[in-house]
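Protein chains in written order, with this note's numbering: chain A, 180 to 289; chain B, 1027 to 1144.
Everything labelled a hint here was simulated from the structure, so no lab data went into it. Watch out, some of these pointers could steer you wrong.
Here are the simulated distance ranges between beta carbons [claimed, not checked]: (1) E196(A) <-> N1110(B): 36 to 44 Å; (2) P255(A) <-> S1108(B): 42 to 50 Å; (3) R1040(B) <-> Q221(A): 22 to 30 Å; (4) S253(A) <-> E1043(B): 45 to 53 Å; (5) T235(A) <-> S1034(B): 36 to 44 Å.
On a predicted model such as this, the values are computed, not experimentally measured, just so you know. Beta carbons are placed, not taken as given, at the ideal position from N, Cα and C, and that holds for glycine.
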Amino acid sequence: LAKTTQPISMDSYEGQEVNITCSHNNIATNDYITWYQQFPSQGPRFIIQGYKTKVTNEVASLFIPADRKSSTLSLPRVSLSDTAVYYCLVGGLSNYQLIWGAGTKLIIKP
Amino acid sequence: DVKVTQSSRYLVKRTGEKVFLECVQDMDHENMFWYRQDPGLGLRLIYFSYDVKMKEKGDIPEGYSVSREKKERFSLILESASTNQTSMYLCASSLVNSGAPLTTDTQYFGPGTRLTVL
Chain A
180 LAKTTQPISM
190 DSYEGQEVNI
200 TCSHNNIATN
210 DYITWYQQFP
220 SQGPRFIIQG
230 YKTKVTNEVA
240 SLFIPADRKS
250 STLSLPRVSL
260 SDTAVYYCLV
270 GGLSNYQLIW
280 GAGTKLIIKP
Chain B
1027 DVKVTQSSRY
1037 LVKRTGEKVF
1047 LECVQDMDHE
1057 NMFWYRQDPG
1067 LGLRLIYFSY
1077 DVKMKEKGDI
1087 PEGYSVSREK
1097 KERFSLILES
1107 ASTNQTSMYL
1117 CASSLVNSGA
1127 PLTTDTQYFG
1137 PGTRLTVL
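The shape of chain A in the complex, shown without the other chains (with noise of 0.2 Å):
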């Protein structure tokens, strides 16, 4: 069973790049990587997905190696209302499983 492990949380400051890592070992071979944001009061917010390699939109980036075992979400230039809790999921259609992770609270300070 894939279960997922990121930082409980980070710091960083505006205009700097962030990197999230999420550990997922024992992810499914059909297992897709997803990233969502959330915030206060609000349910949680796609922002990019990937199956490996390298994934980017126009919000982030998302970097998986070739063993898949870990995935980093990358946000570019991060501003104050980046500040959120980001959460790593594990997926798809091999399983009826959808693993989250716990969640990592991303600060940004000015």
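Given chain A, put chain B in place with the hints provided.
Below, chain B alone, put in the same frame as chain A:
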């Protein structure tokens, strides 16, 4: 824009009461999900549904049941509320992309219901 709404933002109930949490989505999504969210534990899947009247247990179904009589509505039922069910409850929906009942597609979440059981 996909909209997922939940019937209450805050709810206070007493131990032993039957509790209904309602979720409605307006984008004709096949999949709907109920999670609970607790500090330090992230999101844990209670039940999901991939079609009307269809349901599958998630990781923590004990003490809960669900109902999906219409495609847009997914209800979570606590038959006899207990204090350990005090939590934030999140509903989500997603579109089936490939025909499989559970996909990796984007989940759209409601704002959550904070339930307190006294």
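Which constraints among the numbered hints does this structure fail? Numbers only, ascending.
Structure breaks no hint.
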